[in-house]
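Novice: For this one, chain Y is given, so just place chain U on it according to the hints.
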Amino acid sequence: MSERVFSVILLPTSDCNVACEYCFEHKEPHRLSPALLPLLTRRLLDHLEAEQIEECEIYWQGGEAMIMGPAWFENAGEIMNRAAAERGRRFVHYLQTNLISYSPAWNGVIQKMFNGSLGTSMDYPNLYRKLFKGGAAAYTKLWTKRLREAKSAGIAVGVIAVLHRASLEAGPERFYRYFTEELGLSDFQVNTPFPGGPAKEVEGGFQLDSRELAEFMVGLFDLWMTEGYSSGVSVGPFDALIDHFTGEQARLPCIWKENCSNQFISVDAKGTVAQCDCWVTSYPEYFFGNIFREADLTRMLKTSRARRDFVERPKHLVEDEDCLSCRYLSICHGGCPVRTYSALGTMMAKDPYCEVYKAVFACAEAHAGEILRARASPVVSLRRAHELGVSATQ
Amino acid sequence: MSEEATPPLRILPSALAEANGDLPFVAIVRNREELFRWLRDPLPGLRWLQVEGMLGDSEAWTEAAHDKSHIPFDVVLSDPASEFSNLYRLVDSSAEREVRVTVPAGPGLAKAVRLAAALRFPVRILPGQPTAAALGELREVLEFYLHEPMVEAPIEFLHSLLASMEGGDTGSLWMILEEDPDVFHHCDADGRAGVPRTDDSGCVEAGSPGFVENWLKGLIAQEGECAACPWQQPCRGYFKWPDPAYSCQGIKGLFSSIQAAGNEIRKELASFTAAEAAMSDPDEGGER
Chain Y
1 MSERVFSVIL LPTSDCNVAC EYCFEHKEPH RLSPALLPLL TRRLLDHLEA
51 EQIEECEIYW QGGEAMIMGP AWFENAGEIM NRAAAERGRR FVHYLQTNLI
101 SYSPAWNGVI QKMFNGSLGT SMDYPNLYRK LFKGGAAAYT KLWTKRLREA
151 KSAGIAVGVI AVLHRASLEA GPERFYRYFT EELGLSDFQV NTPFPGGPAK
201 EVEGGFQLDS RELAEFMVGL FDLWMTEGYS SGVSVGPFDA LIDHFTGEQA
251 RLPCIWKENC SNQFISVDAK GTVAQCDCWV TSYPEYFFGN IFREADLTRM
301 LKTSRARRDF VERPKHLVED EDCLSCRYLS ICHGGCPVRT YSALGTMMAK
351 DPYCEVYKAV FACAEAHAGE ILRARASPVV SLRRAHELGV SATQ
Chain U
395 MSEEATPPLR ILPSALAEAN GDLPFVAIVR NREELFRWLR DPLPGLRWLQ
445 VEGMLGDSEA WTEAAHDKSH IPFDVVLSDP ASEFSNLYRL VDSSAEREVR
495 VTVPAGPGLA KAVRLAAALR FPVRILPGQP TAAALGELRE VLEFYLHEPM
545 VEAPIEFLHS LLASMEGGDT GSLWMILEED PDVFHHCDAD GRAGVPRTDD
595 SGCVEAGSPG FVENWLKGLI AQEGECAACP WQQPCRGYFK WPDPAYSCQG
645 IKGLFSSIQA AGNEIRKELA SFTAAEAAMS DPDEGGER
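Line order of the protein sequences matches chains Y and U.
Using my numbering, read the first sequence as starting at 1 and increasing by one per residue.
Using my numbering, read the second sequence as starting at 395 and increasing by one per residue.
Chain Y on its own, in the form it takes in the complex (with noise of 0.2 Å):
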């Protein structure tokens, strides 16, 4: 059996409870019906079967996920992980929620089915994220709330963030501060934004200019290194980073992978198959076909002309881009798909937020140096020694 894990992006609903201004997917009431599961597993543990692969992480989404309701997913996760078991295969599901709907009503079904944790996003200062009534002050304010609820019921919450103009002008200190000390939150993750979708007004507030979100994120990484690398707090991708450039086994973002077409697909409500949830909700020109209409997932992967410019985008970068002459190109390998064409309107060029990439990799590169000479430094070990209260004659 195959160690490779797949994965896939599965949004059970497009509809959302809010209105984020920013917000690019094409957002319809239509929600995943309890009788297609055990159609859409079957065709997924086919694919699995096909591929040797053991292993599927589903990661739910949407839309919002939480307008599905616990039952629903109790069921859902019941019917996937039964088939699953019958065929030897297994089943991971994570849950990226709004957090907005959440109530006690979910423990149950986030202890059993994903594992006690879930996954939200929140960006600071928060200013698109909004309820339909209210605005953003207010959806501040539930979603603060809800997070202390869910905290306080046990649940591991990560939470990714989103940068946008106001947040390079708030500094790196009150953007780590407000997650780590206001919010008390211990793992937390930066995404780069980017225009995604049709274009809309709002979306120049995430047109950054490439230097001063450099100068962002390095400040955040340098930061983090001080207050929160040795004390547990994990900030994604700068962690992944240091783990890499250390030598230690790392799970880099989806962003930065040799190849994200064979790693996983995005399937929405309606059973339409994308390269990943932004794809799907966005892009119909770039669908790869439809779960429940083509009974062979494998041969859908194998013979849609829509992927193929996925599978070959990393040659064509080393062809035609400087990725090859990069001294990241291991770790990079020309970024992220949908980034580029969002920006660029096709994605055979590299990530337009390449230079930002650089500076992040520069900075986990020196940190890591850092790390790695202060473990291997007699200096450092006669420290730690003293420290340990242990003669370093000994």
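Hints were generated in silico from the structure; no laboratory data involved.
Note that CB positions come from ideal geometry on N, CA and C, so glycine has one too.
It is possible that some hints are incorrect.
Said to hold, decoys possible - Examples of chain U residues lying across from chain Y (beta carbon under 8 Å, computed): (1) 450; (2) 451; (3) 456; (4) 485; (5) 508.
Specialist: Positioned in the frame of chain Y, the structure of chain U alone reads:
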């Protein structure tokens, strides 16, 4: 792979390999049928598959990624300049098996090595008797290998040569590059073993035991470059084969650079060890 290849290892075309049974061998495959024949039903003696001329066949690699036989691949590029970007096609296969990339020294060598290193594939460079242009690429690759922290997998022959200059027991270049005819029997379409890089695979000289030592003795007897060459030990006349008139001037520069890097590493290690010793012995100074 050379560690697994202790004598004698036959490297032979797929069709001839059928009769090899339990004896250790490498099958050379050049098309899908040959590749999947060995993946489906490998003989016990099969050590790895030498895959030639197949990087362009993307479907074959998609298919190969599904195979769970764990048989290692040595993927040989014939034209690195046009083929290097296809190395991305090997990524999925490498999740299931060891994949090595073999690249001849020629146009595109540096590109192929860079990408192979970025994908964490071990590399074997076949230098042959490199032209001036190929030497330029070799120098670029050496620089990359020595100074690029992203290089994680060995780039042969540079890696073993550096190790040998630091006292490592890696054998000569003939051995490092799997071309010593005493150990590696490279067979032609008729099954005749010979020395690589020559058309006359069945020549008596080449097939006789102790070929490398005899070859070197002959070169020294002629009082040519090899006689007084400081790199005679690791090289054993490798770069004088098949044309003994080949000038090793450029190659010697490459060896010197490797030696200089080795010296630098040794010096740094010595100073580190000294610092550590001083730290652990307070009477010898250091931080108190």
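Novice: Decide, hint by hint, whether the structure agrees.
Specialist: For each hint, the structure was consulted:
1. 450: 11 Å, violated
2. 451: 14 Å, violated
3. 456: Hint on residue 456 of chain U: holds, closest Cβ of chain Y at ~7 Å, below 8 Å.
4. 485: 5 Å, holds
5. 508: 6 Å, holds
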